[in-house]
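Chains as they are written, first to last, in the numbering used here: chain A, 1 to 319; chain B, 320 to 701.
Think of the hints as simulated: they come from the structure by calculation, not from any bench. Some hints here could point you the wrong way.
Not the full set, but computed from the structure, chain A residues with beta-carbon under 10 Å of chain B [to be verified]:
1. Val-39
2. Ala-47
3. Gly-49
4. Phe-139
5. Asp-225
6. Leu-237
7. Arg-242
8. Gly-277
9. Gly-281
10. Ile-284
Using N, Cα and C, we set each Cβ at its ideal position, and we do this for glycine too.
If you want the building blocks of each chain, they are given just below.
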Amino acid sequence: MPEPPALVLIAGPERVLSDRALDSTLEVLRAHDPQIEVVRLYAADYAPGSLLVHASPSLFGGATAIVLHDADEASDDLQADLLTVIEQVGDELRLVVLHKGGNRGKRVLDALKSAGARRIDAPAIKTDREKNDFLTHEFRRARRKATPEAVRALLDAVGRDVGELAAAARQLVDDTEGLIDVEQVQEYHGGKVDATGFRVADAAVAGQTSEALRLLRHAIASGLDPVPIVAVLASQLRQVARVATAGGGSSGALAGKLGMAPWQIDRARTAARGWDGDRLGRAIQAVATADFEVKGGGRDPVYAVEHAILTITRERGAG
Amino acid sequence: MSVWDDVIDQPTVVTTLDRAVRDQTAMTHGWLLTGPPGSGRSTAARAFAAALECPRDGCGECHECRTALDGSHADVEIVATSGLSIPVRQARELALLAQARPSVGAWRVIVIEDVDRLTERAADALLKALEEPVSRTVWVLCAPSLEDVIITIRSRSRHVRLRTPSPEAVAELLTRRNGIDPQLALDSARAAQSHVGLALRLARDDGARERRRETLRFAGGIHNLGDAMTAAATLASIAGDETSAASGERDGAERTRLLEQLGADPAARTQPPHIRSQVAALEKEQKTRATRFGRDVVDRALVDLLSLYRDALMVRSGAPVDLVNADLGDQVRDVAQTHTAEQLLLAMDAIGVARERIEAAVPPLLALESMAISLQVKGVRV
Ligand SMILES: [Zn+2]
Chain A
1 MPEPPALVLI AGPERVLSDR ALDSTLEVLR AHDPQIEVVR LYAADYAPGS
51 LLVHASPSLF GGATAIVLHD ADEASDDLQA DLLTVIEQVG DELRLVVLHK
101 GGNRGKRVLD ALKSAGARRI DAPAIKTDRE KNDFLTHEFR RARRKATPEA
151 VRALLDAVGR DVGELAAAAR QLVDDTEGLI DVEQVQEYHG GKVDATGFRV
201 ADAAVAGQTS EALRLLRHAI ASGLDPVPIV AVLASQLRQV ARVATAGGGS
251 SGALAGKLGM APWQIDRART AARGWDGDRL GRAIQAVATA DFEVKGGGRD
301 PVYAVEHAIL TITRERGAG
Chain B
320 MSVWDDVIDQ PTVVTTLDRA VRDQTAMTHG WLLTGPPGSG RSTAARAFAA
370 ALECPRDGCG ECHECRTALD GSHADVEIVA TSGLSIPVRQ ARELALLAQA
420 RPSVGAWRVI VIEDVDRLTE RAADALLKAL EEPVSRTVWV LCAPSLEDVI
470 ITIRSRSRHV RLRTPSPEAV AELLTRRNGI DPQLALDSAR AAQSHVGLAL
520 RLARDDGARE RRRETLRFAG GIHNLGDAMT AAATLASIAG DETSAASGER
570 DGAERTRLLE QLGADPAART QPPHIRSQVA ALEKEQKTRA TRFGRDVVDR
620 ALVDLLSLYR DALMVRSGAP VDLVNADLGD QVRDVAQTHT AEQLLLAMDA
670 IGVARERIEA AVPPLLALES MAISLQVKGV RV
């Protein structure tokens, strides 16, 4: 077994990734020494000197691993104590420092670097593209494949929080077998949105009035709530608008700039043909009106969505 | 000097509270202070508490005054929620505290800064205490408006209404109390539309000033759909940044405090189920708070934007009024020239609609996109 590192720096703001890095670090330390005592300290309520107390050899012997959370919020006292303890690590004392980012505690970061700390990054996952990549990676890590549509459906169904995304991906991996597709996402995370919602939006954006209305009726009849349908309409039109107004360039380059996945760019580009800025603008406004109406601002939520779809397909056809 | 010095531009309020301090017959055990955000409700409540404790009815200099004002007086309890709701447990503790005689001062004063944040059960617990006054206990409850306070609490307290102070009064306070340069203080007070806290932030924080300017540049600066989508995304992301900056450290500290209160080890890797459920409840509340905070930040930005169009309308009509955005006079005149009066009114309508929709839980980004599309100015400039 390789000797575990005495110093570890977990750098970056993404909780899911830093938690995971910390867990695996502690796992390695415990595998190496099952008796190791793990002490967790938090910058927010740090009492000056306590790091030194925990770092000093225990009366009963045995190794200690100190985990220091939020080093980016460290007071001057804590930074000074950290600089001292960094010098003391070895077989009997391991130090794991978590730093969410920013300039505070820079001297500590420099000291960790020159002392040869192992660095594990936990970069922020913010844009749709990053979340898309994160999910794809999650499935790959679990040795599973998911279709791009399934990833997209999961993003739309579970939403913004990376922790929730990770948990949702975990559940799919645990509860299903084989290729993960839209139907499975729908089965486990449905209720909020399903493939029908996307088909309604695709038909509407393509100007297919009767098809969009038929799919909408079908979706409502099968119990789908109008609220997520409106949300999908908004996100589809938003992507078309952003891609249509972003100018030329390869889908890869545009993907970086807009924070979308390349396949989303290609889809939106195809959909953007037949639209112009004014008509697209009015379509988006119709969806915003519908969103207000389905959230209680109107009397009939289903009519509100139908009305938005009719406006979208009319604007699409006016070109 | 007097405790009332920082209660700016509220002569009626000061007269009423000061009389209650000096005249037993004008005193009552329950007070309800209302006023728009930033008008100084909690400042007035603290000043009142200090005046009640002070042997000279609010000299502003003695130990009683100073400790009451900074919240460290033994008989002055100040409940500030910072957005979380006030749980029934806390309300019961307060009701119990109200039973105790003051320990050092003349009165026991309990200030609740956001009485509109009481949960229903917490309000019930408080109501009992208000119904059975204790001779030396005073409740000072604060809320944005009467409508925000449940009627049973309203009817058991005397209502005092604060008005929006004048920008000049706010500026004078910033200069006297915080040492802000007078011109910057006045510009900030006007731009913040007399919200004291916001004005102070604008005066002190370059980032806040830059965010305001960035927001206001959208007036007259949106020429096509691409601009509109970018403007909406920018406005929405300003809110996101402020929200995470405001909540990050506090959320973690609250979690640690909760675990300590429950007797759990905050450093433990996994918590027992009954503790986990309480932590989950806290996290849910924190999320709600972040959402509400984000909406408030967007709303403030929209109020700024609205003020610029209103200024432009004033300039167009030639009305001799002080501009809210006096520090951005060139941009105001520019917008006044490139828009007809009708266009300005339509823009103001669009902003109003967006505010209403965000309040009704339409995703801010979508509401802002729809608004920004309405704010397009075509063919005026490139
Ligand atoms: Zn005094």
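Structure-based check of all given hints:
1. Below 10 Å, beta-carbon pairs count as interface contacts, and A/Val-39 has one with chain B at about 8 Å; its hint therefore holds.
2. Restraint check, A/Ala-47 versus chain B: the minimum CB separation of about 13 Å is more than 10 Å; hint violated.
3. Checking A/Gly-49 against chain B: minimum C-beta separation of about 18 Å lies over 10 Å; hint violated.
4. A distance limit of 10 Å between C-beta atoms decides the matter here; for A/Phe-139 the minimum to chain B is near 26 Å, and the interface restraint is violated.
5. The interface hint given for A/Asp-225 is violated, since its Cβ lies 14 Å from the closest Cβ of chain B, which is over the 10 Å cut-off.
6. Checking A/Leu-237 against chain B by beta carbon gives a least distance of about 9 Å; that is within 10 Å, so the hint holds.
7. A hinted interface residue such as A/Arg-242 counts as satisfied when its beta carbon comes closer than 10 Å to some beta carbon of chain B; here the least separation is about 6 Å, so the hint holds.
8. This hint holds: A/Gly-277 has a C-beta 4 Å from the nearest C-beta of chain B, less than the 10 Å allowed.
9. Restraint check, A/Gly-281 versus chain B: the minimum CB separation of about 4 Å is within 10 Å; hint holds.
10. At about 6 Å, the closest approach between the beta carbon of A/Ile-284 and any beta carbon in chain B falls short of 10 Å, and the interface hint on this residue holds.
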